[in-house]
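S.K.: Protein chains in written order, with the UniProt record's numbering: chain Z, 1 to 334; chain S, 1 to 423.
Covered by chain S, according to a simulated footprint, are these stretches of chain Z (three or more residues, beta-carbon under 8 angstroms):
1) 122-128
2) 145-152
3) 207-217
Calculated directly from the structure, the hints in this document are not laboratory data.
Glycine is no exception: its CB is placed at the ideal position from the N, C-alpha and C atoms.
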Amino acid sequence: MFEHNDPNRIQLNSSGQLRHFLTTEGLSRELLTEILDTADSFVDMGAKQIKKMPLLRGRTVVNLFFEASTRTLSTFELAAKRLSADVLNLNISTSSTSKGETLKDTLMTLEAMHSDMFVVRHADSGAAHFIASQVTPHVAVINAGDGRHAHPTQAMLDMLTIRRHKGSFEPLTFAIVGDILHSRVARSQIHALRTLGAREIRVIAPKTLLPRHIEAMGVKVFTDMREGLKDVDVIMMLRLQKERMTSALLPSESEFYKLYGMTTEKLAYAHPEAVVMHPGPINRGVEIESAIADGPRSLILDQVTNGIAVRMAVMSMAMSGQVVEKQLQHPSAN
Amino acid sequence: MNIKIAGGRVIDPSQSLDQVCDLYISNGLIIAHGDAPEGFVPDSTLDASGQVVCPGLVDLCAHLREPGATHKGSIAQESHAAAAGGITTLVAMPTTSPIVDTPAVAQLIQDKARATGKARVLPMGALTQGLAGEQLSPMHALASSGCIAFTNSRRPIRSSLVLMRCLEYAATHDLLVLFQAQDAELSGGCMHDDTTSTRLGLAGIPEAAETVEVARCLMLVEQTGARAHFGQISCERSARMIMEARERGLNVSADIAIHHLLLSDSNVNGFDSNFHVIPPLRSQLDRAGLRQALLAGGIQAICSDHQPHDPIAKQAPFAATEPGIAGLETLLSLSLMLVEQDVLDLPRLIAMLSCEPARILGIQAGTLNNGAAADICIFNPAARWTPSADKTRSGGANSPFIGTELGGRVTHTLLGGKVVFQL
Chain Z
1 MFEHNDPNRI QLNSSGQLRH FLTTEGLSRE LLTEILDTAD SFVDMGAKQI KKMPLLRGRT
61 VVNLFFEAST RTLSTFELAA KRLSADVLNL NISTSSTSKG ETLKDTLMTL EAMHSDMFVV
121 RHADSGAAHF IASQVTPHVA VINAGDGRHA HPTQAMLDML TIRRHKGSFE PLTFAIVGDI
181 LHSRVARSQI HALRTLGARE IRVIAPKTLL PRHIEAMGVK VFTDMREGLK DVDVIMMLRL
241 QKERMTSALL PSESEFYKLY GMTTEKLAYA HPEAVVMHPG PINRGVEIES AIADGPRSLI
301 LDQVTNGIAV RMAVMSMAMS GQVVEKQLQH PSAN
Chain S
1 MNIKIAGGRV IDPSQSLDQV CDLYISNGLI IAHGDAPEGF VPDSTLDASG QVVCPGLVDL
61 CAHLREPGAT HKGSIAQESH AAAAGGITTL VAMPTTSPIV DTPAVAQLIQ DKARATGKAR
121 VLPMGALTQG LAGEQLSPMH ALASSGCIAF TNSRRPIRSS LVLMRCLEYA ATHDLLVLFQ
181 AQDAELSGGC MHDDTTSTRL GLAGIPEAAE TVEVARCLML VEQTGARAHF GQISCERSAR
241 MIMEARERGL NVSADIAIHH LLLSDSNVNG FDSNFHVIPP LRSQLDRAGL RQALLAGGIQ
301 AICSDHQPHD PIAKQAPFAA TEPGIAGLET LLSLSLMLVE QDVLDLPRLI AMLSCEPARI
361 LGIQAGTLNN GAAADICIFN PAARWTPSAD KTRSGGANSP FIGTELGGRV THTLLGGKVV
421 FQL
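Turn these sequences into a full structure, and let the hints steer you where they fit.
M.R.: Here you go:
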């Protein structure tokens, strides 16, 4: 009784297609694969002379960023422009929404400008769900990172990068290293990897950076890098936000680097063909050694390139899901 | 004015009464049950056949918002909601603006409640001035002005020395102290710290946020000999510690909010801000443990922990919303689920909603004894109803139970022999 336990009810249309993209949790393997396949078809577009296609022509995409971000904002902007959408970038500090103008007021104002899609970055977990629950039915919402909850496009660009380098997920062991506690990326990666059939997922961090009962998400927990990295195929490093290191979570950056930073010495514990990823921006000498970040086993720049393709894929799919839903609900309005 | 309540199942746990009979009221007081007193001629008769007649409920925790946040609720609105929920006495928390730390504010609340006349409102006084946790409030003066007990609510008293002084001073005057136990530093999150919070990425509040503070308070109660009550505990371990303290002879008691007996942290899935409460909805194991503690005597009362909010307070991402459920009108119907689910029998449940909280407060209420004020709740246990936002009498419609069909509905509430609510 009183169960309201279907976080996915909101992000799929009645035909099971994506109408918002809020989380990788609960999405089917088929749908995740469809995202990857669609993204795959967009990857090479960046190398062409004409980098545009008309899938979102005439649509207005609003990048609604309540939290600072350069990389994610630019890739979403580029993705939307490559799909021929009109793009509006809004950086809104949460303080302005708390001073009289509520988040709902902001949404209503932007809807009145006939926006078709909101790409939302917010410091609070669940913000994208909240916004998706408030917008009018024809607007699609893409989660560009909400609090500690989810960063589904980042996870999917990681999946695309892995698939393009390793072919499939089933035979692989993954290690996610660092600040798991605060990481929306890690949560989205874990959901996606599990659905896509990864053989084993490990998380490696000190206990202060591990959320409670993380093993219930289907991962193995390690606090020692040497044990955790043993024979892994893909190492996914996380960003450690330096400001959080002052709140009694860690003694110092140097101690963290010594124990959990990715170094040539530690990489030797992994499989000889293991690759290293990082969602960026990287803290060199804190999370990762420069020789690895810039080395042949690093996929960091591939991740950036694939990020645009993945964002193009989910934007076009969500918009298409909205159109299908609208047609199903109002068949005469075609 | 003579009233006869006819043919109801009269349940009064304070005198172990459970029988179908008539109840007689004269001049605002209960004068008999069963056979009519000699010469009794009713001016009016309420037909209660098929219904339960019990003492008006005594709610140990309600935030009435007035003075201060009247955009969320007012004494008049919330008293009206209480009457609709069969509640005749409610304890108002001191977290108003201004805070209840002067006799004038305590008096104001009582005056407004009396003017409304829908429920007896007993203000609770601040344990420290401004709830700042530093200086003792004028407890004696506040008690003389009608404050029934003293609490710092969920505002911290970081210094154990100050807390001990508060308890010593309260013990001097035999005043009841209420703890809403939470450690300030450990309670920085917005939901129970467990698998659901991990998955949703919501900052967790560990069980220790409550149990550490319960332990500290119990040690100081033992040291000082104060009379203390723990309000709205959420963890099974807290209940166990309080029960052990009672067994050691400490004068302590505890209550629990009804939503903690029915819901768990898994309900937060989907980020519905109506499930945002403090203390947070705990694990299913905690819920089961708390239900056991009801039976074992670790918890003596059930309350609404009523916290009405304006709509905008709940329209934001989960962590940014204000915690709390508006629960006066649904307290009884939700509590009846515990009977439906065989957790408690009906007389025991009614005891936990009436005479037990009255006993904790040390007041003459929650009873149908001859000579007692005719504060009475009549409800139809077979009725089904669905709370809706547009029909709520409270200033707040923030409840996860809006739209859910509930069983058992209050049909009449009498306050001092006067019908203050009729369905």
